[in-house]
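Undergrad: Protein sequences appear in the order of chains L and X.
The UniProt record's numbering puts the first sequence at residues 1 to 225.
The UniProt record's numbering puts the second sequence at residues 1 to 225.
None of these hints come from the bench; they were simulated from the model.
Be aware that one or more of the hints could be misleading.
One copy or any two copies: either way a pair holds, since identical chains are not told apart in the list.
With a straight-line cut-off of 16 Å between C-alpha atoms, the simulated EDC-like cross-links for lysine to aspartate or glutamate are [claimed, not checked]:
| id | residue 1 | residue 2 |
| --- | --- | --- |
| 1 | K151 | E64 |
| 2 | K51 | E62 |
| 3 | K177 | E201 |
| 4 | K51 | D123 |
| 5 | K51 | E35 |
| 6 | K151 | E214 |
| 7 | K154 | E214 |
| 8 | K131 | D55 |
| 9 | K51 | E64 |
In case you want the letters, here they are:
Number of protein chains: 2
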Amino acid sequence: MKHAELSRRLGHQFAQPQLLQRALTHRSFSAAHNERLEFLGDSVLNCAVAKHLYDAYPELSEGELSRLRSNLVNQQTLAVLAQQLDLGEQLLLGEGERKSAGFRRPSILADALEAIFGAVLLDAGFAAAEKTVLGLYVPFIAQIDLKTLGKDPKTLLQEYLQGHKLALPQYGVREIKGEAHAQTFVVSCEIPQLGLSTQGEGASRRIAEQIAAERAYQRITKENP
Amino acid sequence: MKHAELSRRLGHQFAQPQLLQRALTHRSFSAAHNERLEFLGDSVLNCAVAKHLYDAYPELSEGELSRLRSNLVNQQTLAVLAQQLDLGEQLLLGEGERKSAGFRRPSILADALEAIFGAVLLDAGFAAAEKTVLGLYVPFIAQIDLKTLGKDPKTLLQEYLQGHKLALPQYGVREIKGEAHAQTFVVSCEIPQLGLSTQGEGASRRIAEQIAAERAYQRITKENP
Chain L
1 MKHAELSRRL
11 GHQFAQPQLL
21 QRALTHRSFS
31 AAHNERLEFL
41 GDSVLNCAVA
51 KHLYDAYPEL
61 SEGELSRLRS
71 NLVNQQTLAV
81 LAQQLDLGEQ
91 LLLGEGERKS
101 AGFRRPSILA
111 DALEAIFGAV
121 LLDAGFAAAE
131 KTVLGLYVPF
141 IAQIDLKTLG
151 KDPKTLLQEY
161 LQGHKLALPQ
171 YGVREIKGEA
181 HAQTFVVSCE
191 IPQLGLSTQG
201 EGASRRIAEQ
211 IAAERAYQRI
221 TKENP
Chain X
1 MKHAELSRRL
11 GHQFAQPQLL
21 QRALTHRSFS
31 AAHNERLEFL
41 GDSVLNCAVA
51 KHLYDAYPEL
61 SEGELSRLRS
71 NLVNQQTLAV
81 LAQQLDLGEQ
91 LLLGEGERKS
101 AGFRRPSILA
111 DALEAIFGAV
121 LLDAGFAAAE
131 KTVLGLYVPF
141 IAQIDLKTLG
151 KDPKTLLQEY
161 LQGHKLALPQ
171 YGVREIKGEA
181 HAQTFVVSCE
191 IPQLGLSTQG
201 EGASRRIAEQ
211 IAAERAYQRI
221 TKENP
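Between the sequences and the hints, there should be enough to build the whole structure, so can you do that?
TA: Next up, the structure:
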């Protein structure tokens, strides 16, 4: 893939192609790397997403808007969007990073995408950068469930049960396996009114509870969407 | 002061004056309060300041730009700028907040100023909001010392001494006064090579050390600017 195809996917033709080149340059490759552009791009991303959410969700409070935004602009979401753009194969990485598959690392992908937003800002101003951000984010927002974004499984399960006037789940440790320094907890999640019982395993009781809750939530919402 | 004077100081005439009214409305006064505008304004402020710093300080790294920005957009700086605008007397506060001098509280002032930036964005777009932000911030940035912004006195003192090949200061507790639940620490800061000794008092050893370091730093840099 050439830069022309990436530009097409971004919806922005660079008047200064060296800005795109720089946005794709990791610090392991050259001193002319993308970190200052990333600083700039992070702020444009935040602002464009904030404006979109403010307009699109008039019923959400400031706290809800903040939570929603922080889940949209985090590394995980950015890395998913970067993968959709096949950004990995465009990155300029030093030899060490290339050999250790740096082009697949979420932090490197996310930083490069932020740097691209900064490059568009410098190339053509705020409105162009906003258009590029929203061109990627609006389809992404449309396909996720905003109600569940960023909530942990125990919270989701509890909210679902409360919304349906059902008793809260009971969690219990069923087994603790392994040596003292490397234990595995097996925890059950019981919802008697639904005749449902799931289990989760993890390195702590808390993690095991979340896994058990996730399984219960998936089962319930698949059967009663 | 009327809104006309505030608009003049902000450098923005509102086409929709109700947006300014809303930005000045604290949640204690009305359900039509300024918190969503504050969410929006925070992001515009961050973006406008990021762009300015990126352009104005090409020699700073991403980390330095981030630290600088976070010290410029924090509550303390916003509250200072809000006071320069006499924003307190324009705020719409509920009775409780009015009686407890809420119009002087830094968090309320800072939030209202952020909300104003959001109101300008909605009223006239990003370029207008950026102009309003920079109209307040550029004079502020010009009068502060960027090198020292956000560093605590012990760090500043240490950096100064290292930069002049001098031994690091020695801190020592001289006295602990008061009852166990309300102690006051008296700490000295000694720099023998400069024949300098200062003292600081505070509710913890850490605070007292910072005060002593601040006094030493002020003395040294006044005598050897």
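Undergrad: For each hint, tell me whether it holds in the structure or not.
TA: How the hints compare with the structure:
1. K151 / E64: Classified as within; 12 Å inside a copy, 33 Å across copies.
2. K51 / E62: Classified as within; 12 Å inside a copy, 25 Å across copies.
3. K177 / E201: Within one copy only: 10 Å inside a chain, 53 Å across chains, cut-off 16 Å.
4. K51 / D123: between (21 Å within a copy, 13 Å between copies)
5. K51 / E35: between (25 Å within a copy, 14 Å between copies)
6. K151 / E214: within (11 Å within a copy, 44 Å between copies)
7. K154 / E214: within (7 Å within a copy, 48 Å between copies)
8. K131 / D55: For K131 and D55, the Cα distance is within 16 Å only inside one copy (15 Å; across copies 22 Å).
9. K51 / E64: Within one copy, since 14 Å is at most 16 Å while 27 Å is not.
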